[in-house]
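**Student:** Residue-level listing of the chains:
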Amino acid sequence: MEAFTTHTGRAVPLRRSNVDTDQIIPAHWLKKVTRDGFEDGLFEAWRKDDAFVLNQPEREGATVLVAGPDFGTGSSREHAVWALQNYGFKAVISSRFADIFRGNSLKNGLLTVVLPQETVDVLWKLTESDPAVEVTVDLVARKVVAPGVDADFELDENARWRLLEGLDDISITLKSEADIATHEGRRPAFKPRTQAA
Amino acid sequence: MGRTLAEKVWDDHVVRRVEGEPDLLYIDLHLLHEVTSPQAFDGLRKSGRAVRRTDLTIATEDHNTPTLDIDKPIADPVSRTQLETLRKNCADFGVRLHPLGDVEQGVVHVVGPQLGLTQPGMTVVCGDSHTSTHGAFGALAFGIGTSQVEHVLATQTLPLAPFRTMAITVNGELPADVTAKDLILAVIAKIGTGGGQGYVLEYRGEAIEKLSMEARMTICNMSIEAGARAGMIAPDETTFAYVKGRPHAPEGADWDAAVEYWRTLRTDEDAVFDREVVIEAAELAPFVTWGTNPGQGAPLSASVPDPASFTDESEKLAAEKALEYMGLSAGQPLRDIAVDTVFVGSCTNGRIEDLRSAAAVIEGRKVADGVRMLIVPGSVRVALQAVEEGLDKVFTAAGAEWRHAGCSMCLGMNPDQLAPGERSASTSNRNFEGRQGKGGRTHLVSPPVAAATAVLGHLASPADLSDNAVPAGV
Ligand code: SF4
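Chains as they are written, first to last, in the working numbering: chain A, 79 to 275; chain B, 42 to 515.
Derived from the structure by calculation, the hints contain no laboratory data.
Among these hints, one or two may not hold up.
Claimed, not checked - Every beta carbon over 10 Å from chain A, so not counted as near; a handful from chain B, in silico:
hint: 1; residue: K87
hint: 2; residue: P291
hint: 3; residue: P374
hint: 4; residue: R413
Claimed, not checked - Chain A regions said to be covered by chain B (calculated; three or more residues, Cβ under 8 Å):
hint: 5; segment: 80-90
hint: 6; segment: 107-119
hint: 7; segment: 263-272
Since the model is a prediction, treat every value here as computed from it, not as a measurement.
All C-beta atoms in this analysis are idealised placements derived from N, C-alpha and C, irrespective of residue type, glycine included.
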């Protein structure tokens with residue numbers, strides 16, 4: 079997993095609440111057998127509408143999604159997180175996230191930031207009046223900074239540490255490599271093997 | 042204080058224990074199939090990781106494989122892609138694979154035990170909920186999600202939260218017409234589909250000790266339908282005899298050392314379970330489901346229950362919904378329910394003993410007009426054994442279809458499906474809405490009940506056949 083310390087990029091205002099995972103990535107995309115290539119499925123239904131914010135040329139290359147409350151509700155599919163990341167988003171800001179989505183996002187290195195709705199409103203207006211404006215999400219200082227915005231956010235220490243270090247579950251386990259090797263050395267010879275090592 | 046069987050196996054696999062964190066557990070055997078592994082391999086690729094222990098990993102193709110024309114290309118592009126992806130992943134990462142057409146191919150939970158890879162005291166995982174099957178050997182075996190599959194591939198370990206233990210003691214002897222399937226359906230109806238949540242179940246008592254390995258696997262297989270993390274049965278002489286001589290069984294001095302260790306895998310006399318359930322075997326009878334979850338079952342001699350008879354409000358609602366979906370009405374005798382399809386197979390009841398018991402009932406009889414009966418062996422080895430014993434002929438002579446090994450109609454990912462509104466008696470493990478095909482209706486039954494049902498065209502047990510019995514060999 080890529081480490082997340084601080085990120086600066088242009089934002090996309092998504093003025094919708096209750097964006098569920100089926101809207102983020104529709105079910106028919108779940109048949110894919112890879113973890114990438116989901117970018118075209120992101121918000122697929124909405125993107126058929128030319129007026130949809132992601133279709134605006136000035137939003138191209140934006141990396142911070144600023145969404146309405148209750149983002150990521152519905153099915154637990156991890157594909158929703160992959161789709162946002164494949165598209166290029168590094169962080170999502172909302173006043174409230176669905177639990178499982180938030181867990182999945184932090185596991186995969188997509189930073190989900192909870193800010194009060196008033197701050198979300200300010201960010202929406204800011205990026206709508208000037209799409210070129212940049213937003214900084216600083217995990218070291220736990221702050222979101224933009225012209226006229228300087229907002230602190232909370233994140234539990236363990237999740238923050240893992241993001242800062244770029245540690246996924248596997249990397250954390252691999253820190254116990256010596257313990258694993260010790261256990262392997264102790265395994266009885268009679269235990270079966272599927273093939274020669 | 043003494044420890045339970047599950048606690049002993051757990052303790053023997055702790056790689057790292059830190060206060061306030063989940064234990065890191067070593068995994069002895071990792072089974073893979075095509076449906077839940079692709080993103081795990083893709084994750085490895087993206088992070089540049091290898092499979093840590095290819096020698097503790099094995100894959101087979103089962104969920105998407107057709108049971109007819111297996112030499113022809115697979116028509117459904119999604120199924121084909123999943124199989125091709127597994128083949129490529131196994132080749133790239135050095136994992137042993139038994140693909141369609143291979144003599145060791147079959148349902149993953151049938152393949153592991155028959156190769157002798159499943160042994161007492163092991164930790165076994167697979168991206169599949171019915172991994173609980175392997176607990177029949179006194180292994181701690183459970184299903185995992187795709188992220189965990191990747192974790193095991195990369196590290197051969199899993200961080201796991203502790204579980205609670207539940208003893209399910211079955212006293213006495215099962216009546217002659219009662220099978221392991223009837224027993225486990227009755228257990229689930231008793232404790233409920235959520236009754237096992239957070240628990241590892243240990244089945245014990247005289248009735249369990251007398252069961253064959255096939256029957257024990259049927260029971261442990263369905264532990265997950267009671268919501269349990271896993272099901273286990275202490276290994277004994279029956280277990281050792283089953284393992285001995287299989288391709289991956291220990292030999293010589295290793296065998297002796299293994300058996301010596303396996304004999305220690307029993308719950309201590311003074312161990313305490315978090316919960317205990319006691320069942321009297323003598324009170325059991327052939328059992329079938331009437332609803333849309335495995336806990337909605339009743340003895341075959343009973344009638345479809347009246348939803349109003351449930352005191353629990355959510356159970357009442359669930360029963361109402363189930364009857365509507367199943368097209369049944371309260372008070373209808375279960376024996377009056379006519380079926381279109383009978384399915385014998387799956388990791389619950391697709392082993393040789395299951396085929397034998399169904400064949401014994403149908404031998405010399407005919408599948409009723411308008412009923413189709415599919416016999417799908419759990420693996421190619423099971424199929425070969427059945428052919429050697431002439432069981433395939435018994436089935437085809439009765440008018441049943443003898444198919445190739447795989448999951449088949451257990452979940453209808455391949456072309457074997459129920460049409461909307463069609464009704465089956467199925468020896469599989471899940472009667473969920475649409476599981477066997479969109480709009481399909483499933484009654485879970487044992488193999489002998491499946492065979493009797495095929496003959497009479499309505500839910501029935503072998504005892505119902507006595508009047509119209511045709512002498513064998515006619
Ligand atoms: S037979 Fe059915 S339950 Fe068993 S692994 Fe296959 S699909 Fe799953």
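**Student:** All hints are to be evaluated individually against the structure, with a verdict given for each.
**Tutor:** The hints, checked one at a time:
1. K87: violated, 6 Å
2. P291: violated, 4 Å
3. P374: holds, 40 Å
4. R413: The claim holds: R413 (chain B) sits with its nearest Cβ about 29 Å from chain A, beyond 10 Å.
5. 80-90: Violated, because only 0 residues of the segment 80-90 of chain A bring their Cβ atoms closer than 8 Å to Cβ atoms of chain B.
6. 107-119: Coverage by chain B holds for the segment 107-119 of chain A (5 residues, Cβ < 8 Å).
7. 263-272: holds (count 8)
When held up to the earlier numbered hints, the structure conflicts with 1, 2 and 5 and fits the remainder.
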